[in-house]
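A.B. asks: Here are the chains, one letter per residue:
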Amino acid sequence: MISKTLIPALLVASAVVAGCATAPSPQELDTLTLGLMKASFRDEGIAKADRLNQDLGQQACSSDKAPAESVAKQIEAEALASIKWPSGGQYIGDWREGEKLAQSGRGMTWTDASADPKANGANCYNCHQIDKKEISYGTIGPSLWNYGKLRGVKDVADPATAPIVQYTWGKMWNSKAYAACSNMPRFGHAKLLNEEQLRHVMALLLDPKSPVNQ
Amino acid sequence: MRRLFAATLLAAASTASFAQKSAADGIAEYRAMLADGNPAELFEAKGEALWKQKRGPKNASLEQCDLGKGPGVVKGAFVELPRYFADTKKVQDLETRLVTCMEMLQGFNGAEIAKTPFGKDEQNNLTALATWIAAESRGLRFNLPQGHGEEKQMYEVGKRVFFFRAGPMDFSCASCHGEDGKRIRLQDLPNLTKNPGDGVGFAAWPAYRVSNGQMWGMQLRLNDCYRQQRFPYPGFGSEPTIALGVYMGVNARGAESIAPAIKR
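So the protein sequences, as listed, match chains A and B.
Residue -16 is where the first sequence starts when you use the numbering used here, and the numbers rise one by one after that.
Residue 28 is where the second sequence starts when you use the numbering used here, and the numbers rise one by one after that.
Watch out, some of these pointers could steer you wrong.
Take a look, some chain B residues computed to stay more than 12 angstroms from chain A by CB distance [unchecked claim]: (1) Ala72; (2) Trp78; (3) Glu90; (4) Glu163; (5) Ala201; (6) Gly264; (7) Ser265; (8) Lys290.
A few chain A residues that face chain B, going by a derived Cβ cut-off under 8 angstroms, partial list only [to be verified]: (9) Ser23; (10) Ala32; (11) Leu39; (12) Gln41; (13) Ser46; (14) Gln112; (15) Asp114; (16) Ser119; (17) Thr122; (18) Tyr130; (19) Leu133; (20) Ala173.
The hints are simulated quantities; they were obtained by calculation from the structure and are not laboratory data.
Since the model is a prediction, treat every value here as computed from it, not as a measurement.
Even glycine gets a Cβ: it sits at the ideal position worked out from N, Cα and C.
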């Protein structure tokens, strides 16, 4: 697992350590950190060490500073192009199933047996208020209470609602299409949820009959 | 223990009936009831006995262990760790420094201890030792040294590790701990990019976890963060974990240590 690229990284690291007189540059520290990360984590269950391999967005959003405007635009454009729209234009499932998925924070850790989306929850309440009846909700993301109602969705089949329905699908499939460094996982793109599961969560947010929109 | 169980039930009942009251208030009340009898005390007592007991192939105690303030000085050591040690030429946190002492003074195999799963054999002893040593600094304020080049470098590496985003959910430590006033479900999340306040975050661990009845040191705390980040498995005492300790510890300068704390 420890790749050939690591060896130069560690050599740089020891050179940095040896040359104590001058402090390492930010770039040398970046290289050193990457080498130490790759050398320090191992496979455990379904969580393989290759999870540390970063794509452009992960790399560009690994700092307390936002990426350059041009990089952010590239990340967003690539993410938008990656979105797979639902087969047959079928966006809405069953809000009851959506609520169950939203409640579950399970999946993808090294103690989970399977990385199949069927084994995963949608993790929604970890970060969002959704149905007001659930008082145990997180605040990392915005409140989604009355999500469809506030956006004027009275009939999900009405063509007038298409923009918000499509945006919501796109946001869940690949959140980075609309904000390069969004905190939200890419549920479709990263295969965390399958199409059917996404349709259920869509219903929870958008179906006028969903408790979220009362 | 029975009292603890009753308190838990009471807390659950009051949480349900006082949904109007802020969730944070409810949790604080629950913790206050629990703190009345923190089982961490049992681990403190075990740790102190282990420190003084002659053990290992060399049949020696740890009483000459240098935790950074000189051989045998325990009080105040915890709030200055991780720090650089000239004998190992490494920045070490409390747990990795204890492994060094167990190796050098008592003749244990340090690599074997590092490979031992949490909650087993010498790892259990390590947790008890760390709990007692932390308790000897209770009420003192964090003041990690940053005079050595290696300590400064580890802070810079730690900051980069903290913001390192990867894995199937694109999480970094900063995803949850980079802003003020955020929660996951009802759990308040300290902002660890700065001093989050007395007894919060780095200043609370080791801690006794009521939900699973286990005593956790900082290494296990970080390990479980990485599990929840959906990362692969970090090596015990590996550089990124030490670097994170330096980053959080230096950021917490001036914060009062309440370790060993009690957590949900």
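A.B. asks: Looking at Ala72(B) again, its CB stays over 12 angstroms from all of chain A?
C.D. replies: At roughly 31 angstroms from the nearest Cβ of chain A, Ala72(B) sits farther out than 12 angstroms, so the non-interface label holds.
A.B. asks: Examine each Cβ of chain A, and state whether all of them lie more than 12 angstroms from the Cβ of Glu90(B).
C.D. replies: At roughly 32 angstroms from the nearest Cβ of chain A, Glu90(B) sits farther out than 12 angstroms, so the non-interface label holds.
A.B. asks: Mind checking the CB of Gln112(A) against every CB in chain B and telling me if the closest is under 8 angstroms?
C.D. replies: 10 angstroms, violated
A.B. asks: Regarding the hint that Leu39(A) lies at the interface with chain B, is the smallest CB-CB distance below 8 angstroms?
C.D. replies: Where the cut-off is 8 angstroms and the nearest Cβ of chain B is about 11 angstroms from Leu39(A), the hint is violated.
A.B. asks: Is the hint on Leu133(A) kept, meaning its closest Cβ partner in chain B is under 8 angstroms away?
C.D. replies: 22 angstroms, violated
A.B. asks: Examine each Cβ of chain A, and state whether all of them lie more than 12 angstroms from the Cβ of Ala201(B).
C.D. replies: 7 angstroms, violated
A.B. asks: Was Glu163(B) rightly flagged as not at the interface, with every chain A Cβ beyond 12 angstroms?
C.D. replies: 30 angstroms, holds
A.B. asks: Against chain B, is Ser119(A) within 8 angstroms by beta-carbon distance?
C.D. replies: 5 angstroms, holds
A.B. asks: Hint Tyr130(A) vs chain B: min CB-CB distance below 8 angstroms?
C.D. replies: 19 angstroms, violated
A.B. asks: Does Ala173(A) pass the interface check with chain B, least Cβ-Cβ distance below 8 angstroms?
C.D. replies: 5 angstroms, holds
A.B. asks: At a threshold of 8 angstroms, is the proposed contact between Ala32(A) and chain B supported by beta-carbon distances?
C.D. replies: Where the cut-off is 8 angstroms and the nearest Cβ of chain B is about 5 angstroms from Ala32(A), the hint holds.
A.B. asks: Is the shortest C-beta separation between Thr122(A) and chain B less than 8 angstroms?
C.D. replies: With Cβ-Cβ at 5 angstroms, under 8 angstroms, it holds.
Violated hints for the displayed structure, listed by number in ascending order: 5, 6, 7, 11, 14, 15, 18, 19.
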